[in-house]
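> Listed here are the chains, written in short residue letters.
There are 2 protein chains.
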Amino acid sequence: MLKRYFPILSWLPGYSRADLTNDAIAAAVVTIMLIPQGMAYAMLAGLPPQAGLYAAILPLLLYALFGTSRSLAVGPAAVIALMTAAAAGVVAETGSAEFHFAALWLALMSGAMMLLMGLFRLGFIASFLSHPVMSGFITASGILIAASQLRHLLGAPISGKTLPQVVPSIVGNLGNMTPATVILSSVLLVFLFWSRKGAAPVLMRLGLSAPSARLLAKAALLVAVVVSTLLVWVFGLERFGVAILGEIPRGLPDFGLPTVDLDLMQLLIVPAIMISIVGYVESISIGQTLAAKKRESVNPDNELIALGLANIGAGVSNAMPVTGGLARTIVNHDAGATTPAAGAMTALSIAAAIMVLTPLMYFLPRATLAAIIIVAVLSLLDFRALPRTWSYSRADGAAMAATMLFTLLVGVEQGLLAGVGLSLGLFLFRTSRPHMAVVGQVAGTEHFRNVARHKVATDPTVFAIRVDESLYFPNARALEDRIVQALSDQPGLRHVVLQCTAVNYIDASALESLEAINTRLKDGGVQFHLSEVKGPVMDQLERGHFMDDLTGEVFLTQFDAMVKLSPDLTSACANEERCDTLLRSA
Amino acid sequence: MLKRYFPILSWLPGYSRADLTNDAIAAAVVTIMLIPQGMAYAMLAGLPPQAGLYAAILPLLLYALFGTSRSLAVGPAAVIALMTAAAAGVVAETGSAEFHFAALWLALMSGAMMLLMGLFRLGFIASFLSHPVMSGFITASGILIAASQLRHLLGAPISGKTLPQVVPSIVGNLGNMTPATVILSSVLLVFLFWSRKGAAPVLMRLGLSAPSARLLAKAALLVAVVVSTLLVWVFGLERFGVAILGEIPRGLPDFGLPTVDLDLMQLLIVPAIMISIVGYVESISIGQTLAAKKRESVNPDNELIALGLANIGAGVSNAMPVTGGLARTIVNHDAGATTPAAGAMTALSIAAAIMVLTPLMYFLPRATLAAIIIVAVLSLLDFRALPRTWSYSRADGAAMAATMLFTLLVGVEQGLLAGVGLSLGLFLFRTSRPHMAVVGQVAGTEHFRNVARHKVATDPTVFAIRVDESLYFPNARALEDRIVQALSDQPGLRHVVLQCTAVNYIDASALESLEAINTRLKDGGVQFHLSEVKGPVMDQLERGHFMDDLTGEVFLTQFDAMVKLSPDLTSACANEERCDTLLRSA
Numbered sequence: 001m002l003k004r005y006f007p008i009l010s011w012l013p014g015y016s017r018a019d020l021t022n023d024a025i026a027a028a029v030v031t032i033m034l035i036p037q038g039m040a041y042a043m044l045a046g047l048p049p050q051a052g053l054y055a056a057i058l059p060l061l062l063y064a065l066f067g068t069s070r071s072l073a074v075g076p077a078a079v080i081a082l083m084t085a086a087a088a089g090v091v092a093e094t095g096s097a098e099f100h101f102a103a104l105w106l107a108l109m110s111g112a113m114m115l116l117m118g119l120f121r122l123g124f125i126a127s128f129l130s131h132p133v134m135s136g137f138i139t140a141s142g143i144l145i146a147a148s149q150l151r152h153l154l155g156a157p158i159s160g161k162t163l164p165q166v167v168p169s170i171v172g173n174l175g176n177m178t179p180a181t182v183i184l185s186s187v188l189l190v191f192l193f194w195s196r197k198g199a200a201p202v203l204m205r206l207g208l209s210a211p212s213a214r215l216l217a218k219a220a221l222l223v224a225v226v227v228s229t230l231l232v233w234v235f236g237l238e239r240f241g242v243a244i245l246g247e248i249p250r251g252l253p254d255f256g257l258p259t260v261d262l263d264l265m266q267l268l269i270v271p272a273i274m275i276s277i278v279g280y281v282e283s284i285s286i287g288q289t290l291a292a293k294k295r296e297s298v299n300p301d302n303e304l305i306a307l308g309l310a311n312i313g314a315g316v317s318n319a320m321p322v323t324g325g326l327a328r329t330i331v332n333h334d335a336g337a338t339t340p341a342a343g344a345m346t347a348l349s350i351a352a353a354i355m356v357l358t359p360l361m362y363f364l365p366r367a368t369l370a371a372i373i374i375v376a377v378l379s380l381l382d383f384r385a386l387p388r389t390w391s392y393s394r395a396d397g398a399a400m401a402a403t404m405l406f407t408l409l410v411g412v413e414q415g416l417l418a419g420v421g422l423s424l425g426l427f428l429f430r431t432s433r434p435h436m437a438v439v440g441q442v443a444g445t446e447h448f449r450n451v452a453r454h455k456v457a458t459d460p461t462v463f464a465i466r467v468d469e470s471l472y473f474p475n476a477r478a479l480e481d482r483i484v485q486a487l488s489d490q491p492g493l494r495h496v497v498l499q500c501t502a503v504n505y506i507d508a509s510a511l512e513s514l515e516a517i518n519t520r521l522k523d524g525g526v527q528f529h530l531s532e533v534k535g536p537v538m539d540q541l542e543r544g545h546f547m548d549d550l551t552g553e554v555f556l557t558q559f560d561a562m563v564k565l566s567p568d569l570t571s572a573c574a575n576e577e578r579c580d581t582l583l584r585s586a
Numbered sequence: 001m002l003k004r005y006f007p008i009l010s011w012l013p014g015y016s017r018a019d020l021t022n023d024a025i026a027a028a029v030v031t032i033m034l035i036p037q038g039m040a041y042a043m044l045a046g047l048p049p050q051a052g053l054y055a056a057i058l059p060l061l062l063y064a065l066f067g068t069s070r071s072l073a074v075g076p077a078a079v080i081a082l083m084t085a086a087a088a089g090v091v092a093e094t095g096s097a098e099f100h101f102a103a104l105w106l107a108l109m110s111g112a113m114m115l116l117m118g119l120f121r122l123g124f125i126a127s128f129l130s131h132p133v134m135s136g137f138i139t140a141s142g143i144l145i146a147a148s149q150l151r152h153l154l155g156a157p158i159s160g161k162t163l164p165q166v167v168p169s170i171v172g173n174l175g176n177m178t179p180a181t182v183i184l185s186s187v188l189l190v191f192l193f194w195s196r197k198g199a200a201p202v203l204m205r206l207g208l209s210a211p212s213a214r215l216l217a218k219a220a221l222l223v224a225v226v227v228s229t230l231l232v233w234v235f236g237l238e239r240f241g242v243a244i245l246g247e248i249p250r251g252l253p254d255f256g257l258p259t260v261d262l263d264l265m266q267l268l269i270v271p272a273i274m275i276s277i278v279g280y281v282e283s284i285s286i287g288q289t290l291a292a293k294k295r296e297s298v299n300p301d302n303e304l305i306a307l308g309l310a311n312i313g314a315g316v317s318n319a320m321p322v323t324g325g326l327a328r329t330i331v332n333h334d335a336g337a338t339t340p341a342a343g344a345m346t347a348l349s350i351a352a353a354i355m356v357l358t359p360l361m362y363f364l365p366r367a368t369l370a371a372i373i374i375v376a377v378l379s380l381l382d383f384r385a386l387p388r389t390w391s392y393s394r395a396d397g398a399a400m401a402a403t404m405l406f407t408l409l410v411g412v413e414q415g416l417l418a419g420v421g422l423s424l425g426l427f428l429f430r431t432s433r434p435h436m437a438v439v440g441q442v443a444g445t446e447h448f449r450n451v452a453r454h455k456v457a458t459d460p461t462v463f464a465i466r467v468d469e470s471l472y473f474p475n476a477r478a479l480e481d482r483i484v485q486a487l488s489d490q491p492g493l494r495h496v497v498l499q500c501t502a503v504n505y506i507d508a509s510a511l512e513s514l515e516a517i518n519t520r521l522k523d524g525g526v527q528f529h530l531s532e533v534k535g536p537v538m539d540q541l542e543r544g545h546f547m548d549d550l551t552g553e554v555f556l557t558q559f560d561a562m563v564k565l566s567p568d569l570t571s572a573c574a575n576e577e578r579c580d581t582l583l584r585s586a
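Protein chains in written order, with our numbering: chain X, 1 to 586; chain E, 1 to 586.
Same shape as in the complex, but just chain X:
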């Protein structure tokens, strides 16, 4: 029981010296990545650089206590940072104190939502977000993120949150670029891109083993940071217009709940819901993928609780919303992290770095952080997903396209809402048209099959229909319409038999529909029968008064029903030849 809520109890008692070594190495590698990435994502969110570092302390400690994934690296992440910037930008000016205040409330509120979803096992809410919508959203966000960093890469005052705002701003600022910044950015981008694939082979040639070389290659971020900072410092590049980070407060963040502002909280509800769902879906997919590699498991409810607490931790420590990040998680895993203790050690290293290293970052160019973001988001872009999804299913492709277009052209929240709305609408559209088959008897058998697909015998006084789905409100009307239609189409009709083989559930709407069908058929002088009703469904039906009002009977099988309602047909069909004659005369 305790282990259910405190997963730490399942690994801490058996924690060994070997585990400690592995976790410490992983923590060191992740810290090296996290310091520049944390500051970069804070900049992306429109927050001061330290917010990204603070987001790597308390949240990581809380996740280590409550998380079930052994290698998930929690912290600031690109898409969540973009969503934070968009939401806080609606209520306050970027860079203002109110803006950071809004970001803290976003972390607190989305954290509280995740926590509640986890405690009440409401993780299914994340299933509102279909794969195509999530995938389209991430690609579109990646484009917007890259676009938002152009101002730092080019040293020009490019602004705007959507493509229709950014593109004219780029065009208008082509003459305002800062040459020194452009040169620095280009060098950094080339180096960082090269390092992704090219650094490891070089390090191997220098004598490192393949795994060590791959890990050390991740230090390319650190190299970029150190070298570009030194360049600025030594050559005084800030005099040539290269924007630098400037002073970063030294020491741990102030802890405490930000002032409660109900009006602000109301404005942030919808974005907080979105951040909690996107953050959770991103994180759980990464966690499950890695857990599978080690044949471990990740508990979705626990993950919600842990991520929720991590975000609340971010909110009370002057940080920003957090989630599990893909790149750092893979590094953490590859570096050999064996327990969540690696995350806790990362947090301690970051805390130490904040107390010692921040003065050294004074001359760190913003262009370096922008280049780090650009390289990170490129892995998010998947342009082939749209044609692939479209060719697989028009509905899913349309939902993905709508998400991308709305995100790029209108905004991140509108994009998500459009995608979720459209995929829900299309889903309801599909479920509102369940597969229904009018059935007839196969000659020489007791089987009944779709008249449209098989050579079967039917009786004009009996309308036998099979519904291949459970009956609930989205499809209740379709059945009603179809049977009422038959009533006017078949003048000789005397019996309707609903074959319930595939019906696992009947909700109150469908029950009302069945009652309406029964009444309408009765008014038209037709009896309504059921066949092959499953046990639990029968129990359900007997709870209402439907069974008392039913004009017809409930038959065990469709064949039993036809023996009673159309003895001529069934006796004729017992003999294959006679049935064929019947078919020809029909």
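Just so you know, these hints were derived from the structure itself, not from any lab.
Accuracy of the hints is not assured; some may be wrong.
A pair counts as met if it fits within one copy or between any two copies, since identical chains are not told apart.
[To be verified] Once the Cα atoms are required to be at most 25 angstroms apart in a straight line, the calculated DSS-like pairs of lysine-lysine come out as:
1) K293 x K3
2) K293 x K522
3) K534 x K564
4) K3 x K294
5) K455 x K534
6) K455 x K564
7) K522 x K294
8) K564 x K522
9) K197 x K293
For clarity, every value in this text was computed on a predicted model and none was experimentally measured.
Please arrange chain E on chain X, whose structure you already have, making use of the hints.
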């Protein structure tokens, strides 16, 4: 083809003298009901009385041209009037010119939405509104409607749109009632209630046939109107504080599109969607019920087109939103209406009445109209629906209760949204947990059944699971979670077989999930197989690259899969006794 869009072509050519007589009688009876009801519903909507009469002219003519129901009586209706009052009340003060302007745009916009839904066959959108939500909404609306009429019945300035506003207002106004109005209302209410059941027997004793007596009893409304008007006029009751209608403009309405106001239209989009859906659902249920009695059919798409045009007609003729009304439709049907021409004749009678009778309505007490509304809405109240639905299904009962509570306490739009939101959420919750069964082989057969329900043999190296639903985004994650879980639970696992007997469809989200399952199993050294995949689903899967990546095979049957993956088990199970030994040793 022409008949598809002009259903009038299917009845007009065969129109006989007998039809004419029947329709004319029905039109006369409906007109007598519609004049007071139209003015009453206009008052309920916060509009001048003539708006309700105008709503019974052009809309009825348009419905007669485009409608497929032969006896549906279109016009102003109680619930739609309440929704109009609520929506227009948000953007303008009740009774102002802007208020009527908003009501006209509500009619135009909801009409346009219905028209589009009909033309593009989007009627399935109405399935968002489940039976319990609609039923709870109508009962709660009935209560609010009754409460809104207390000011007219008691002659006291009672105000408020929701119970928390109305109840204190009633208490505060207990001392402000107008005695003459209270007495008049009481007499009218007693008379109108009595007339519903008591008038017909009295008329029969006076020598009328049963059907004629029942129809003539409907003239009780007219009697109430005439007698109460005369009472006011003769005794000068207005001097005792009895509120009267006052001047009603004589003659036909001004036709024309109201001024386009984009800001206003944006504010009215959501209420217009709600009015179009509630109006359509109300109307189609009534239409289908009556059509079934005559074994005729009502085409849902045509009904949307016809109702849409009727509402657009209302919007351009200074009227108010309209839909098919239950009470008048039953009267129309009972009075013998055989074609939509009855509706057209009703429209002409109302037009004649407006040109001639309006001066006579100067002294008509508002209390009379309020009493007519009260008697009409009582038939809407169904208090037993909630306990009945709750006992049938907790989920449906909760959706109904939420709709009623939010409607009564917060407002009509919020009530509908809460109900639709909750029922959708609960529906997704249910579909997000599809029925999944781990299966094993039944001794001595080639059948595989749920291990939890049957005595079956399984192999610890094979995890065979059957999903009893199509795979789409709401349930994709559940399957992923379940299989990934098995990977960590069964250390000896080498094969996973997904039995797809019940899978009719796999959407892009589920496909991604299958790919993720395949990859994760591969990472864990486990092969992923499918069995009993239906033809169309197989075609679908082959469109993506899933089949190329699949680590395992696709088997025709679950038995084939087990013969290959676990020959020991299947050969042992061929012999019932040996299988039993196997079961005991497992």
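> A separate judgement is required for each hint: does it hold in the structure or not?
Hint check:
{"no.": "1", "hint": "K293 x K3", "verdict": "within (23 angstroms within a copy, 63 angstroms between copies)"}
{"no.": "2", "hint": "K293 x K522", "verdict": "between (61 angstroms within a copy, 8 angstroms between copies)"}
{"no.": "3", "hint": "K534 x K564", "verdict": "within (20 angstroms within a copy, 33 angstroms between copies)"}
{"no.": "4", "hint": "K3 x K294", "verdict": "within (20 angstroms within a copy, 66 angstroms between copies)"}
{"no.": "5", "hint": "K455 x K534", "verdict": "between (27 angstroms within a copy, 20 angstroms between copies)"}
{"no.": "6", "hint": "K455 x K564", "verdict": "within (22 angstroms within a copy, 35 angstroms between copies)"}
{"no.": "7", "hint": "K522 x K294", "verdict": "between (62 angstroms within a copy, 11 angstroms between copies)"}
{"no.": "8", "hint": "K564 x K522", "verdict": "within (19 angstroms within a copy, 54 angstroms between copies)"}
{"no.": "9", "hint": "K197 x K293", "verdict": "within (23 angstroms within a copy, 75 angstroms between copies)"}
In this structure, none of the earlier numbered hints is contradicted; all agree with it.
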